[in-house]
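Protein chains: 2
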Amino acid sequence: MDPTTKINIPESTLERVVIVGGGFGGLQLARKLVKADFQVVLIDRNNYHQFQPLFYQVAMAGLEPSSIVFPFRKLFQGEKNIFIRMAEVTHVDPVARQIQTPLGHCNYDHLIVATGADTNYYGNEELERRTLPMKSVSEALYLRNSILDDYEDALTTPVYDDRQELVDIVIVGGGATGVELAGSLAEMKTHVLPKDYPELEVEEEFDIYLVQSGDVVLKGMSADSSAKALKYLEELGVKVLLNTRVNAFDGKLVTLDDGRTIVTQKVIWAAGIKGVPVPGLPESAITYGNRLAVDRFCRVKDTENIYALGDVAYMEEPEFPKGHPQVAQVAIQMGEHLAKNLRYRHLRGEEWEPFHYHDKGSMATIGRARAVVDIPKPEFHFGGIMAWLVWLLVHLFAILGTRNKVVVFLNWLYNYINYNQSLRLIIRPRSVPESR
Amino acid sequence: MDPTTKINIPESTLERVVIVGGGFGGLQLARKLVKADFQVVLIDRNNYHQFQPLFYQVAMAGLEPSSIVFPFRKLFQGEKNIFIRMAEVTHVDPVARQIQTPLGHCNYDHLIVATGADTNYYGNEELERRTLPMKSVSEALYLRNSILDDYEDALTTPVYDDRQELVDIVIVGGGATGVELAGSLAEMKTHVLPKDYPELEVEEEFDIYLVQSGDVVLKGMSADSSAKALKYLEELGVKVLLNTRVNAFDGKLVTLDDGRTIVTQKVIWAAGIKGVPVPGLPESAITYGNRLAVDRFCRVKDTENIYALGDVAYMEEPEFPKGHPQVAQVAIQMGEHLAKNLRYRHLRGEEWEPFHYHDKGSMATIGRARAVVDIPKPEFHFGGIMAWLVWLLVHLFAILGTRNKVVVFLNWLYNYINYNQSLRLIIRPRSVPESR
Chain W
1 MDPTTKINIP
11 ESTLERVVIV
21 GGGFGGLQLA
31 RKLVKADFQV
41 VLIDRNNYHQ
51 FQPLFYQVAM
61 AGLEPSSIVF
71 PFRKLFQGEK
81 NIFIRMAEVT
91 HVDPVARQIQ
101 TPLGHCNYDH
111 LIVATGADTN
121 YYGNEELERR
131 TLPMKSVSEA
141 LYLRNSILDD
151 YEDALTTPVY
161 DDRQELVDIV
171 IVGGGATGVE
181 LAGSLAEMKT
191 HVLPKDYPEL
201 EVEEEFDIYL
211 VQSGDVVLKG
221 MSADSSAKAL
231 KYLEELGVKV
241 LLNTRVNAFD
251 GKLVTLDDGR
261 TIVTQKVIWA
271 AGIKGVPVPG
281 LPESAITYGN
291 RLAVDRFCRV
301 KDTENIYALG
311 DVAYMEEPEF
321 PKGHPQVAQV
331 AIQMGEHLAK
341 NLRYRHLRGE
351 EWEPFHYHDK
361 GSMATIGRAR
371 AVVDIPKPEF
381 HFGGIMAWLV
391 WLLVHLFAIL
401 GTRNKVVVFL
411 NWLYNYINYN
421 QSLRLIIRPR
431 SVPESR
Chain E
1 MDPTTKINIP
11 ESTLERVVIV
21 GGGFGGLQLA
31 RKLVKADFQV
41 VLIDRNNYHQ
51 FQPLFYQVAM
61 AGLEPSSIVF
71 PFRKLFQGEK
81 NIFIRMAEVT
91 HVDPVARQIQ
101 TPLGHCNYDH
111 LIVATGADTN
121 YYGNEELERR
131 TLPMKSVSEA
141 LYLRNSILDD
151 YEDALTTPVY
161 DDRQELVDIV
171 IVGGGATGVE
181 LAGSLAEMKT
191 HVLPKDYPEL
201 EVEEEFDIYL
211 VQSGDVVLKG
221 MSADSSAKAL
231 KYLEELGVKV
241 LLNTRVNAFD
251 GKLVTLDDGR
261 TIVTQKVIWA
271 AGIKGVPVPG
281 LPESAITYGN
291 RLAVDRFCRV
301 KDTENIYALG
311 DVAYMEEPEF
321 PKGHPQVAQV
331 AIQMGEHLAK
341 NLRYRHLRGE
351 EWEPFHYHDK
361 GSMATIGRAR
371 AVVDIPKPEF
381 HFGGIMAWLV
391 WLLVHLFAIL
401 GTRNKVVVFL
411 NWLYNYINYN
421 QSLRLIIRPR
431 SVPESR
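Chains as they are written, first to last, in this note's numbering: chain W, 1 to 436; chain E, 1 to 436.
Treat each hint with caution, since some may be false.
Heads up, incomplete: computed chain E residues facing chain W, CB under 10 angstroms, no partners named [as the list claims (entries may be wrong)]:
# : residue
1 : K6
2 : P71
3 : R73
4 : M86
5 : A87
6 : P198
7 : E199
8 : N411
Listed below are the simulated DSSO-like cross-link pairs for lysine-lysine, each with C-alpha atoms no more than 27 angstroms apart in a straight line [said to hold, decoys possible]:
#  : chain 1 : residue 1 : chain 2 : residue 2
9  : W       : K360      : W       : K219
10 : W       : K219      : W       : K231
11 : E       : K405      : W       : K405
12 : W       : K80       : E       : K6
13 : E       : K6        : E       : K35
14 : E       : K195      : W       : K80
No lab work stands behind these hints: they were computed from the structure. Idealized CB from N, CA, C, for every residue including glycine.
Turn these sequences into a full structure, and let the hints steer you where they fit.
The following block contains the structure:
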């Protein structure tokens, strides 16, 4: 692409806000700038928003990708000041106030970096090459296909050790993703697989390992909830290895830091994330976890008119001296706050207000009728079926679109009644013509 | 794979029926052999049955793949005489009574070839390489992604001619698939695209061509229904080119046999099918359209204990001297009939009964409230909204599984009320680890 090519966006007398990334933060910002006196350009590599908290259910064949993602164009139908472009932003030039994409370049008056985070392998290239990540709906779908493929292969693998490689699964990381995935997999092992694969000894042969470097799971939650989550996982038959790290994985054998080994071909890596800032930003702005240092107004350090929010941003405030947790709530609140500063204070020449995060609590689900919830103020923790119902409701309301809500609700109801995720399908788009 | 490896299937004293292909015919046969005194092995390259009549709705973003496919294992849960293996059958040895797959070989007492049909390019390799087929749910999904990708690209393509390549679509073949696809695409053009892409001149610039070699569309139906379908298509703005063939397509330009050209990158090939028999069967058994010649008992010519049914079989009977139409009904009736002959007559040493096809009629839908139905006895044709409702009901009842019926019904209802297919998502499973 000729770098002088411009992305085709109409000229306008309005200031142009370019948002890179339509995750929780970027999308919230764009929605709050609808009908504002800005020309808003939302750039994402996909044509849809992804509801990350339910990726694990896609991987576990409980939900279809389409019911937890939402097309941007549908969301902004009829909004004349919002322009959507599907592209990867490859570079930003803060001096020229310009971003570069394979479609051409685009000038901005305000640039918002809402590019989120990606899987962190902490520099271990072997693990990066060989383990399965789960940071996008596409990766979740790939994981689903892999798991189902391997069970099919196990059927025609007569040797016990070879079969173990196919049916055992190691999950690395005891955060929400790892815990929810392990719980869901354990439920599938108990309720679905023995019926689908009567020829295999599911109960005896299928093992699920959860490897966690710390001494608790769900480290960010209360001690109470962490302990409860661990108990739930063990009740479900998950082998939780605390204070343990994965040192190596050669594609067939996992080696732990205490020398123990596990035979498996499938290692799911949910052990950490790192920010993915847009290339071209000053080195001095990059801080802990590859995140962009921002002030209380989301302004990226050593830049002008460039802001960051959500997982890619690192902001300190008195209550959170080591930055905010990298969760959806922070991104959403930052998006909303920045929109207000731009729309009401910037356009009227008023002084901006600093951001303050309101923690509404956190939760995780481990399986049917098993979940944990922490409420911060007044501090209160609870678990079991009540927590599970709260988890279901909160997530249902957070999903975009009435149709998706209904579809997800019906799927949950169906799976609950039938003990039976129904989407155990290995479907891959089949590319045929060579010219495409 | 060592050719002496055996597929891992338990030994049994029962005769073994191996069914290759779980389409309409193979699946019906397997279902009718549940609890029979046979060991049944169903081999398919996928782990699910596909409901082909609705592929076009997957391609048009109206339905999710998962709602029109059904996992074999779920269908046969708890059936002890049915074994499912996911593999491609690469060869049959009629003398050794053995089939070969990448998983190993498998002996049979009765082999049923139910491998169906695939796209027929009539020997034109250029068309095979460059056009888009639609004979599987994976291909339908790929087509959906291509169409949406190209609309996104059109947004950033300022030159009119370049844009035409992206937004115009040529469908080749005026059978049910071509007609239903064209009708559905035209509806999307009218109701959805102008809202999603206000920046493009959808009405003026987007053209849908349907190229048909014969002088009518839906050639297999009554003259009445063919004429009505043509009228419906033209009302929807589809440019139907009758008595026309595609001579060449270089990836950017379609050349018709009368010398006219159409600028487009997307040609959907629905112009014909050919049988895909398993390699290793005698040459003498292969007849018109690459199908296997069978007698009235589905026995493949010049073989023993090998049967064929559905699209891959060619059977003549007095009422159908040129063979049956290649439709789902024929396959289903053959599967059911062969099951009866095997289960009741073969096992009891009785004489087999010859197959006779009962034509229940045919139908096609062209868009909202537009469809045509032919009933054969007494002969009767009707169209319009009544035909459309009949089409909806018949297809809804034919879809496997209560959950799928409910999901498809809700999708249809939603799309009908909203004039808005909701699944306009470009999702591809993302492969990451190199070792897999």
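Outcome of the hint check:
| no. | hint | in the structure |
| --- | --- | --- |
| 1 | K6 | 9 angstroms, holds |
| 2 | P71 | 5 angstroms, holds |
| 3 | R73 | 4 angstroms, holds |
| 4 | M86 | 5 angstroms, holds |
| 5 | A87 | 8 angstroms, holds |
| 6 | P198 | 8 angstroms, holds |
| 7 | E199 | 8 angstroms, holds |
| 8 | N411 | 9 angstroms, holds |
| 9 | K360/W with K219/W | 17 angstroms, holds |
| 10 | K219/W with K231/W | 15 angstroms, holds |
| 11 | K405/E with K405/W | 19 angstroms, holds |
| 12 | K80/W with K6/E | 64 angstroms, violated |
| 13 | K6/E with K35/E | 25 angstroms, holds |
| 14 | K195/E with K80/W | 11 angstroms, holds |
Going down the numbered hints, you'll see the structure goes against just number 12.
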